[in-house]
Every structure is written in C-alpha cells, then in structure tokens.
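Start from the sequences, fold in the hints, and give me the full structure.
Number of protein chains: 2
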Amino acid sequence: MQALPSLSLWNRWWQTVCAKMPFSDWLLVGTLLALGGSWNVVRADGGSERNCSAIPPYLPSTVVNTTLRLQALREAMSSVNVSAYIIPGTDAHLSEYIAPRDARMAFMTGFTGSAGTAVVTLNKAVLWTDSRYWVQAERQMDCNWELEKDVSISSIADWLIREVSDTDNIGFDPFLFSIQTYESYSYNLVPAKLMLKSIPDNLVDSVWIDRPPIPPDNLIRLPDRVVERTWQMKVEHIRTQMRNNPYKPTAVLLSALDETAWLFNLRGSDVPYNPFFYSYTLLTLNEIWLFVHKDRVTEDLKLYLQSTCFHLAHCVKLLEYEQVRVMLKNYMTTYGVKVWIGTEYTNYALYELITPEEKLLTSAYSPVLTTKAVKDETEQRILRDAHVRDAVAVIQLLMWLEKVVPEGKETEMTAAYYVNECRSKQKDSRGPSFETISASGPNAALAHYSPSNATSRKLTVDEMYLVDSGGQYLDGTTDITRTVHWGIPTDMQKEAFTRVLMGNIEISRTIFPSGTKGVNMEMLGRRALWEVGLNYGHGTGHGVGNYFGVHEWPVGFQGNNIPFREGMFTSIEPGYYKENDFGIRIEDVVVIVPAHTKYGHNYLTFETVSLVPYDRKLIDTSLMSPQQLQWLDNYYLTIRELMGAELDRQGLTEEKKWMLKHTVPFQSATASAAVSSLSLTLTALATALLHILL
Amino acid sequence: MQALPSLSLWNRWWQTVCAKMPFSDWLLVGTLLALGGSWNVVRADGGSERNCSAIPPYLPSTVVNTTLRLQALREAMSSVNVSAYIIPGTDAHLSEYIAPRDARMAFMTGFTGSAGTAVVTLNKAVLWTDSRYWVQAERQMDCNWELEKDVSISSIADWLIREVSDTDNIGFDPFLFSIQTYESYSYNLVPAKLMLKSIPDNLVDSVWIDRPPIPPDNLIRLPDRVVERTWQMKVEHIRTQMRNNPYKPTAVLLSALDETAWLFNLRGSDVPYNPFFYSYTLLTLNEIWLFVHKDRVTEDLKLYLQSTCFHLAHCVKLLEYEQVRVMLKNYMTTYGVKVWIGTEYTNYALYELITPEEKLLTSAYSPVLTTKAVKDETEQRILRDAHVRDAVAVIQLLMWLEKVVPEGKETEMTAAYYVNECRSKQKDSRGPSFETISASGPNAALAHYSPSNATSRKLTVDEMYLVDSGGQYLDGTTDITRTVHWGIPTDMQKEAFTRVLMGNIEISRTIFPSGTKGVNMEMLGRRALWEVGLNYGHGTGHGVGNYFGVHEWPVGFQGNNIPFREGMFTSIEPGYYKENDFGIRIEDVVVIVPAHTKYGHNYLTFETVSLVPYDRKLIDTSLMSPQQLQWLDNYYLTIRELMGAELDRQGLTEEKKWMLKHTVPFQSATASAAVSSLSLTLTALATALLHILL
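Chains as they are written, first to last, in my numbering: chain A, 9 to 702; chain B, 9 to 702.
Just to be clear, a hint being listed does not mean it is correct.
Any copy will do: because identical chains look the same in the list, a pair fits if it lies in one copy or spans two.
[Stated by the list, open to error] Subject to a maximum C-alpha distance of 25 Å in a straight line, what follows is the list of computed BS3-like cross-link-like pairs (lysine-lysine):
1. K242 - K346
2. K346 - K525
3. K586 - K606
4. K367 - K201
Keep in mind that the hints were calculated from the coordinates and are not lab data. Note that the coordinates shown come from a computational prediction; the quantities given were computed from them, not determined experimentally.
Below is the structure:
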C-alpha cells in the first residue's frame, strides 16, 4: 500500500526526472509491471519482502535470481576495462514507454518498476528508485542487489566516488543517456577524477541470452482519409523552417520515435500501447535518410517512400537502423554542415558525434515536434471524431457498472476488461492507449495502480471507483478519467470531487492570450482544492494526438512544455487522493480554440472533446460559481448533441437514455425553479389583490 | 509618444534582459533620464530628432557632441590592441539602479535611457536599445552614433562578426558583464573566431575626465531599534548554511550591493534612491573580508565591525574596494577552498578568477539573498509600520488633489512634489524610493514616464491620473500605485479599472501551498482582463524590504524569482494601458502569512500592508464576485482600523474623514439595500392586503 509522494518530494522527482526526459506522468507507470511477469502485490503472510540479513536470507517467490547474469555482466565489464556500469531504464529514443527488449534494468535487477537506475561494480550491485517503488523493489530483487533511495544523479555519483578508485572507468551506453543525463554525471564525477567511458555496444544485451527480438511486424502507412499533409509536404515544411532559421542548419536529426512516425505518416507496433517503430531520420535540405529495420519495409512502402530514386530531394533513402552512428559521423565530415537537434530527445551516442561546436544547433525540441504539436484541420476533425466514438465505450462501461455493481460480482479487473472490449468494437480501434487504471476505494489513491489478479477489489456501492483509460484509433488517441460512487458518498468525498471538478472547469473556461504557457495556468486546476488545504501530487495535463503515444509531449502543463497555440490538444486532469481511503481524478481532453473577446484579438480558450458526463451524485453545486455551473450546463448540452447523434447512429437506445438522464442541466433547473417560485409568489399576491379589489 | 512594447516583444526583452539581470521593471526606468540632463520630450516643431542624412546633418539641441570622447576612447582601444569595445549600461554589481559615475553608456553616447549596449570600433559607433527608447535615442545621439534595434546579444555579435576581421580582439570590462552575458557573447563569437578580451581597467573611465567621484558620505549603521539580528548572528547563520551544504563551500562571495548592506546592517548613499554603498564581501568559515572605500568607514563603525581584532571569526577585515580581485585571486590559491557564488549577481571579473571548476559552487542566488528574502519578526513589524506612515502621505495627496484639481492649477509635477513633501514629514523618512511617476491622461500609458517641465500635463477632471510612488524609511521601503478620476469616467475606463482591481484582489486572496512560485500564480492578476481581451505588458510584482532598493529581488512574480515562503513581502501590480488615452495600475505591497484551511497545513496567503483606498467611482461592483467584494470590504475595514488610529495619532482629522468616506463597505451596503427594497415591496403588498381585507 503506497502513498503518493508528498508534493515537494514529487516535485523534486518531477524536476530531476521529467524536466529532462519524457518519463513524466505516473498515470502510465503501471505499464512495465507486466514485463517481469513475476511480481505479486501485498500478501497477508508478511513474507512478501526479502530479508537479506536473515540466515539464510529469506527470498519471496517473486524475486528473480540474478547471480548468473551479474557474473556474466561483470565478465563483460572486465573485458572492456570498466569498474562500474550504469544501466538506465530508458531506451535509445528516451521513450516514455519502452519495449520488452529495452527493459535492461528489469532484466538485470528483477525490478520491473518504470523509474530507476542500476549500477553494477565488480563486487556490488545497486538499484536507485523513488519512494513509490521501494516495496516493489524489496519484493523483486534478490540479495545480490542493494536498494538506494535518493534517486538524484548527484547521489548516484557520490556512491560511485566512494566505491570506485579514481582513475577507474565508469562505463555507460551512450544510447541510453540523454545529453542532460550525461552532463549531470560528468559534472559530478569529473571533479573526483572518475572517467566516464562511452560503450556504444550495450553490455547487458551481450549477456541477455533470451532477449526479446525485434517484432517481425511490418510498418504500416496511414490511410489517406486521415492524412491532410503528405510526407512530402511535411518534409518541405520542415525544410522551410531550416532555411528560415538564422543559424542556417543543413540537417535535422530526428531521434524520438514519434518524430519519424509523424514525418512519414507511418506507424508500427514495437512498443506496447504505442504505434511506433524503431527509427531515426536525418533530413537535410536535399536528402532524406531513414534508419529503420529495412526488412520490415514492404515493397509497397518502398514505393510510397520513393526509396529507389536518386539525387532527389524527395527520395527517402533507407538505411539499417543500426547504421545511424556511422552515417551521422560521415555526414559530420562534410564541409559546412550544421545539424539541428532537439536536446530533450537526442541521446548522447548521437550528440557526441556532432562536433565541433559550430556544426551543432540545438533547441529543446526539434522543429518536427513543435510543428506536430499544432494539429491541422483534418487532424483536429478526426481527433474529435475519435473522442465521440471513444465516449460511447466509456458511457457503456458506466451504464453497465451502475446496473451490475449492486449485484456484487464485478471487480476492478472485469471492469477494465469490459471497457477495453467496448472500445475494441468502435470503428478504427487499435487497442487501449495504456493499461487501464481501474481502481476502487483505497486502490485509487495509489500512485501507479493497475489491477492484477492479486490486487483486484470487488466493486461495491460503498466505495468510490476511478477509471482512467484510453484508446488508440487510426484517427486519434484518447485518454479519459471518470470517478463515480454507486452508493452514498461522504460529505468529504463530495467536497473533494466538486473541488476537483471546479479545477477542471476553471482551466477549461479560461480565456488567455495565444502563447501562454500551461505551467503558468495550471494552478487554476488546484486553486479550489488549495482553498481548503487539499492538493494533488502529479501534473495537470499532457498533449494528446492522432494515433501516437498517449502522452504527446511537448504540449501540456509541465514547466518544459511549449506555449499554447490554437490547434493543440491537451488533457486536463486534476485529482485528489486520500491515502488508504479513496482517489479522485477527472480527466478530459480539450482542444485549443479561438476565443472571441470584447476588446482583444488572438485570445484562446479550451473546448472539451471528451464527452462523458460526470457523476452528479458527487457534485455539490453550492460550492460552485454561477460561471462554473454555466460552463457545466453548456458542456452537457454539447454531450447531448454530439453523443445523442452518435448513440442514435450506433442504435444504442439504452445508452442514449442513460446519457440524457446524466446530462440534465444543473443551473436552469435551479434558476428556473427559483424564478418560478418567486413569480408564483408575486402572481399569487397580485391575484389576491386583484381578487379583493375587484 | 511611445507605446508599451507588445506582449510578445516585451516578453522576449524580459527574457533576454531580465532573466539574467535584475534590470527588470519599467516602473523605474525613468531614473536615468536625469543623468544626461539634456533630454527634452516631444516638441511640436518636428525637429526634435536628428537627421544625419541632411546636408549638413541636423542636430537638435538635445544631442551631446561625442566626437572628442570617441576619439579618446579609440586611442585607448588601440593602446590595448582591441578593434571593438563593448559598453554595457550596468555597474560592477549588476545593479538595477546605477550611480552617475557608472553611467558610462550615457557618457559615451549621449543616450540616457536605462537599457542599452554601446559598441565602438575604430570607425563606427553603435547603440542597441529597445523600442521604448528609439525616439529618445534619436534625440540624444549625434551623428557619430548609429542606432540598432534588435537588442539580443546574438544580434550584437552578428554585427561584430560583420564589422571586425577575425583574429581581432573585442574588448570588454569584465566587471560590467554578468556570467550569462559573457557566455552569450562567447557562444556567438567563438564560432566566428573572434576573441573576447577581458580588460579590467575600464577604457571609458580612462577618458572620462569629469567623471563624478565616489560620494564622500560615510556609511551608517542601522539603529538597534530596527534590527533583530546583529551582523554576527547573520554571519553565523550564513556559515551554518555553508556547513550544511553537501558541496562543502569554504567561502561565500557577495557581489550585489544589498547583500553586504544586509549582512552588516549598514547603509550608504552611493546610488540615487538606493541606500547602498560600493562593496563586496568574502565570507569564509573563519574570516570576513569587507571590500569598501575605507576612508568612509568611521572609527565608530570600525569598532562596530570589530575590524581591528585578529584571527577571530567575528572580525571584519577591511580592504579597499578595488582590492577584491587581488584578494580573491590570492584566496583561490589556498588548498582545498571552494567559493559559493550566486550567478545572477556575480560579475565576470570575479567569476573568471574562481578556477579550477572544483573550486566553484554556484546557485542562482547567494545564501544571503535567499535568507534576506524572508523577513524576521522585527522586520515584518517595522515594514508594516512604515506602510502605515506612508499611507498617510498618499492619503494626503489624494485628498488634496480631489480638492484642488477642479481649480485647474495643479500639474503632474506639482502633484509629484506634493507627495514627496508629505512623505518627507513622516518619521524616519529618507526620501523617495524612486522617481515619482505622476501621470495624467495619455502620459500614464507611457512605459517609462516621470514628469518633466516639458511634459508635465495640467491635471483636470476630464482625465484619469496615475501616481506610482514610494518612500525610503529607516524601517522600510514602500511602493504604491493609485489611479483616480476626478470627473466622470467612461464605461471602458470603469471596466478596465475594475478588472485590474479584480486581478489585484484575485492574487491577494488566493490560498496556496508554501513553496509555490509567483510566476505560476501571476495569471490571476491578468485573468479578468484576458476575459475581455485586455492585458498588460509588464511584470506583476517584485519583492520589497527594509530600507533597500525598491525592487528587492529575488522575491516576486518573475520566472527567475524564488518560491514564496511565509514572511516575504512583494508588490502586486496589475495594470492596463490604452495608448494615447489613459493608463491604469493598482499596486499594493503584501506580506505572505499562514492561511488556516479546513483540511491542510502549510498553506499561505497574502495580507495587504499598503493602506490607501481605491477610487470607488471607478469600481463597477456588478463585474465582481461576492468573494471579491468580501475581500474588498475586509481590506477597507483594516484601513479604517489601522489608518484611523494613525491619522488620529497625527491629529489629521480632515484626512480621517476623507479616509472614512472612501472606505464605506460595498457589500453590506448593496446587500442591505437590496434586502430592504425587497422587504419594502413585500411589506407594502402585505400592508395593502391587510388594509383592504380589514
């Protein structure tokens, strides 16, 4: 049973981890739990955690025996002359989700949490992970491993300085280090005369005998009906930005998996829940090199990419994925080149090749990521469409639960299964966009919960229930959270829910100048909670897009996100979590649209595209302002209009009835009631008067 | 007639200039206008700007002839072998306000604006300044000077790259460069093979024959009644932070003028409006070196500083101000030292001496600045007191203007003079804390306006009037802005004023967790304006303290300010400016106090310590929320209580009457009026009924 980290701890983690990497939101951290396959949660017998000081040491059945793999790794380390080896938890594209074959930290340690760093020396093995994962680590690691709890790079460096003699080398895989990670280690280790040694051939891979292979699946191209800009148009658009850049770059290097996927309108299936394929792109003013596993590119796709033409600005030359370093190195030897990279997603293995300094141009994000952030008209339209179909599935879940929970047979697991099934029946469905968070009672207050057989609670009318789920569709990615209560909520639950809702509404209805940063507005999501001393320990929202990863950075409310512009989509997701009791989160996806103001131009606001009503039982309207109630009623009108039509189209009459019942206006009901009661009184009095007078 | 820069331009300027330097708020930029002494504003004859393409060139009488001084400077440049010389507008302490003897840019160019950079080569002379100053520059510079308009360092560097042959040296005074400034120039020039040459003996000074001398005034120590922590206590407090720092610094180097002033409870008068004296301090774990013009330290002060004791941790060893580089260089040769600096206020001349890298510890702000930001109990009490006395002066001004403006004899100048006079009569007054901004009608919409004989408008009942002024007192510094109208405001003026006020109130009444950053809350000051497409192009507030500069960074609402904690003071100052028409700003100083919440701990809110009512004629209460009106009524109650007692104490009965008239509650008045009107109707009806029935 783990609590959310306190706000300040969380913020610290957030800053150290997320400011540098997209590894940023706990809503998805459950993903990797499946990889180890052997972790079970809280058991009553008390023996679920290892005890390495017992004689003999006690090891629960959930641990992985790492003795042989450690021995093999140490041999590999000796052969390349390093005394320590750093094993991060990310992949070469600094991805938020990683593929099983990239779970090197999990393979070496047994620990399958999504955040951590392992270090192996010739006689020690240590894992650093944050407080959310300490219990899990004690259950999954054998006694070869020590657990350290201060996850800052300076703390790892301090440990290395103590353990390793100076003049010794510390090895790392430069593909798994961001530029920032490298610089942090370097800043801390260099004064102690420890040398970092870049080893591009990963040592864990060299001893990982049954490492999962690259999936054989071919890449697919998006159907024309979801594409407004062909890849040729996108290429030219990026080239125009290169030409207009005062620093005159000659090439853009794309490292994040969604960059290449977006540029060529291609998708793959290498990473669970994410339609990506391993790739890099080097785009110059007159050539295009795509680094990819070529055997997965069909003849059709080769035609589509014009991969066999020569000397043309619109030929995509295919090179093997592994050739990227050789090719980049070669390119750097050309006279007068300058390579533009986004520092947030470029790994150190590529960065270190771009020398001397005058051949490098950096921005936090590549022009592809900033361009991709603003959706074109087609993307906006189809992403709205995907949310209409997605809302059908969520309405089906909520309606079904309302009916069946009192019967006492359903669990978190069956509910998650149900909503996944509902989504799979919608047009263009491509599966869930992340592992469904289906959490009842105290489970909803856990930071990284997805139900398993061991943890799944029965759903009852006595507990609140939180479901955070999303779908991948060919036309868009969705992500929505609703929190409900099927019995009688406490006053505190109603107050907390209402204040979370007020936060969601206050952001949604705000009018702001184009170019405002999300981080400077996100306190509106917290303010109603702050007023009574409540808060939540996670971010307030992330970008969402057209069939990409569910967290589509760099749009959102984080400090390192780019300013809001018309045509961006983001989630808004305030929450409140009461440890060991309940959890609330209300998450909607919104699109940024123009706002028409009395005096100004270029102002924007949000329009909600998630279309599922909130649990009205949990709303205390007396806490809300007239403006908030007005917003809510307008939103419900939109749901009635769009979902009414869609439910009709799908012939779902019961669902439509349910939807209408849950979207009855709040304000006009109250207001008109008040008005009529007043009119009634006055009319009665007047009538009485008249009656008497006449 | 200049407009505020557009928001995006302003933001860009703000980011490039202010993120690096404290030169940050236009409220004070009028200060330097006096230095040149020869600048006059808009003249009807159209000849107020130079025309260098006329034959012969036309020069207005406001320009300064720079031919001889440029010739002398170029000789000096040749003698140290540089082809270009950079002249920034700041001083060696990166101060926001500078002393006349530091106005090197103004001396060389004739241009007295507060923001700019001059560059002189062997055949050209160029000034870079932003759009607020272009007209002024054309009026003050002779034809030796060109004007460039893109003030980014990269643009200056690009110009240098075009003008100077590679292998030539570009000279600069390292005392006038922040670390960030140096790094920006270096980043841009090094790829073009241009070399920056650090010349610690300033070349402008070497040719500035009548450069103002160091003022002869002695330093003063603060009286015991305003001091809770002696300098010895402060020294030990900082040393504790050094010992607790994991990087184990052995010394702290203090460069900003308020750091040394705070540490020793000393003040001076070297900079107009700022009670500072030229100084640096090197504080080690067992020694203290104070660099200062020793002839201004009296025997009493030497005793106070225990400057003649030996080998004791509490002896302040006095060294000449100019010795700081020699002493620091010497200290760096000591084995095992590590010097802690705040990078925002340390000049490059000192920074470049702290090598190798392992002897350097950096944070954005020194521990003195972060400690000083939180006021102790005495400081809080006396700073509140100073605001009570200060409010008397502002009330006197507003009451007087209300009476005399209709007579048509007063001007912006006479009003400014009046409020300065009122302040000077208050206890412990030490003059204004900045040049009073007294601006009527369109003048109030100007970005950097203080009245002069040439610009001063007559005050009339037909225009709005804005007065932004403050005082220095031995116990505190004040800063307050009120905007009033003595006739009939337009609907637009009322709406804009009310929305500015709503912004002020929304920030003031917000409850937030300790550690929240101002920049993440300041949109509350803009939100009511944004709603109708209005905004303002400046920051929302800055720290204020106990007899220091009126902008006491790093507290405030800027991106580079530190998180809010209990005991900090900041201004809150939203505004709205309609070009060529009117300007509104409402500025109060607030202290951060604990907030008692229903469920949480460690929450804070603001308490307003400025105590002057707003112009109720300009308030449209129908736009405001009940919570805002409630806040306003509570604030007025506080004014009545505190100012009532103070005005009584000072025997100011007319002022008290005025204050009471202007602080009548809004809400209870309206509410009870509404209630009585309703009751009246019902009573009338009932009476009528009864009357008829009986």
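Against the structure, the hints:
1. With identical chains, the CA atoms of K242 and K346 are at most 25 Å apart within one copy only, with a shortest distance of 20 Å there and 52 Å across copies.
2. When the C-alpha separation of K346 and K525 is checked against a cutoff of 25 Å, the pair qualifies neither within a copy, at 30 Å, nor between copies, at 38 Å.
3. For a Cα distance limit of 25 Å, the shortest separation of K586 from K606 across copies, 15 Å, qualifies, whereas the shortest one inside one copy, 42 Å, does not.
4. In this assembly of identical chains, K367 and K201 lie within 25 Å of each other by CA distance solely across copies; the values are 14 Å between and 29 Å within a copy.
Hint violations for this structure: number 2 only, all remaining hints satisfied.
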